[in-house]
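Asker: Chain B is already provided as a structure; the job is to place chain Y on it using the hints.
2 protein chains.
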Amino acid sequence: MARTQGSHSDITGPKVRDAALRLFARHGYAAVSMRQIAKEVGVQAGALYNYTPDKQSLLFSLLKGHMDDLLAAWEAEPKAGDALARLEQFTRFHIRSTVKTPEAIFISYMELRNLEPENFAVIEDLRGAYEDQLEQILRSGAETGAFDVPDPKIATMAVIAMLTGVNTWYRHEGRLSLSEVEGIYWDMVRKSVGG
Amino acid sequence: MARTQGSHSDITGPKVRDAALRLFARHGYAAVSMRQIAKEVGVQAGALYNYTPDKQSLLFSLLKGHMDDLLAAWEAEPKAGDALARLEQFTRFHIRSTVKTPEAIFISYMELRNLEPENFAVIEDLRGAYEDQLEQILRSGAETGAFDVPDPKIATMAVIAMLTGVNTWYRHEGRLSLSEVEGIYWDMVRKSVGG
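Sequence order for the protein chains is B and Y. According to full-length UniProt numbering, the residues represented by the first sequence are 1 to 195, in order. According to full-length UniProt numbering, the residues represented by the second sequence are 1 to 195, in order.
Since the hints were made in silico from the structure, they are not lab data. Be a bit skeptical, because a hint or two may be false.
Unchecked claim - Label pairs and their in silico Cβ distance ranges:
id, chain 1, residue 1, chain 2, residue 2, range
1, Y, 68, B, 36, 32 to 38 Å
2, B, 33, Y, 79, 17 to 23 Å
3, Y, 118, B, 169, 18 to 24 Å
4, B, 178, Y, 143, 27 to 33 Å
5, B, 40, Y, 180, 43 to 49 Å
6, B, 180, Y, 65, 34 to 40 Å
7, B, 36, Y, 144, 53 to 59 Å
What the hints assert, rightly or not - With a straight-line Cα cutoff of 25 Å, these simulated SDA-like cross-link-like pairs (lysine to any residue) come out:
id, chain 1, residue 1, chain 2, residue 2
8, Y, 191, B, 93
9, Y, 191, B, 187
10, Y, 191, Y, 176
11, B, 15, B, 119
12, B, 191, Y, 183
13, Y, 153, B, 183
14, Y, 55, B, 93
15, B, 100, B, 41
As the list claims (entries may be wrong) - Which chain B residues stay away from chain Y? Per the calculated CB distances, all over 12 Å, these:
id, residue
16, 13
17, 34
18, 38
19, 41
20, 74
21, 77
22, 93
23, 119
24, 131
25, 140
26, 144
27, 165
28, 166
29, 173
No residue lacks a Cβ here, since even glycine has one placed at the ideal position from N, Cα and C.
Bound conformation, chain B alone:
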């Protein structure tokens, strides 16, 4: 039988993911049981296994989904011109993405330790692919002399950490708008690579 739109699975799947994300971010993966996730969704514990084989698969699916979404969203950005323009684009994109998904970012750093080795390897590859996007921008700018970046790999890690850190203090109701925050960080990122 053809799968119908809006089926039970289509509706509950995202609910299961949302509940798991919220509970993992709040209590930590190891402290959360499948029973708690089921309760949060409002289904029987047994029903949860229609959506995910186990808790590890759920964690992996959350972290992979987050990285897939991030890479797809970056891919979908209209590519700016030169390295400087692309660096500004990456800076603003990363801050906006980070602020939009604080719980996913939090568990992406915190729960790597709880991924089984083969799952960890997949997530590491995806993170590497994302970091490569910035590294390529820095390398291309360094080649044309637009940037002064002696070690593009380290500079990549430094810039991403700086930008992701916005999550530790940014509040939507705070004294600065997101666009002002982006502007301040862009100024610092640009200068940090001699652009």
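Answerer: Positioned in the frame of chain B, the structure of chain Y alone reads:
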């Protein structure tokens, strides 16, 4: 009776803290029981309560101890001359401290959510006091025109996040020595504030 040096409590106290730090960093605070900590130390669960009233006190004591040590170590540094020299000093100090205590840094970010409100407030104050050290350096450099920092508070958060991020990738056996890493980050930090 006078307390003798090397008493049971003197020896086991640090062991309890080390075990708790290791287990919290590995599994997360919520997933670790006092019984597990006792087992890791090699004492009966009941004996643990000679050292700490409960798990929350243990977490608080770890996070507070970490911040107290960090502030004391910074205080003990011979103060460098001008704002640029002090910024370099802070940059190298923060990277070295971060790399020395990766587990404490990890739980300092991750387990804030598990501190009871009054404990959270104490840790937040200590973090604020540490951040103030950098903010004052940036402000004093901005006042003399040594730095171009439109928003010293945000610049403080940006620089600290960048430096702390070393922990996500630095390995002692990696291709760069710690001193080389410090040099690369110092170059980026200096440029990022227009120094």
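Asker: Could you work out which earlier hints the structure fails to respect and list their numbers in ascending sequence?
Answerer: 2, 14, 24, 27 and 28
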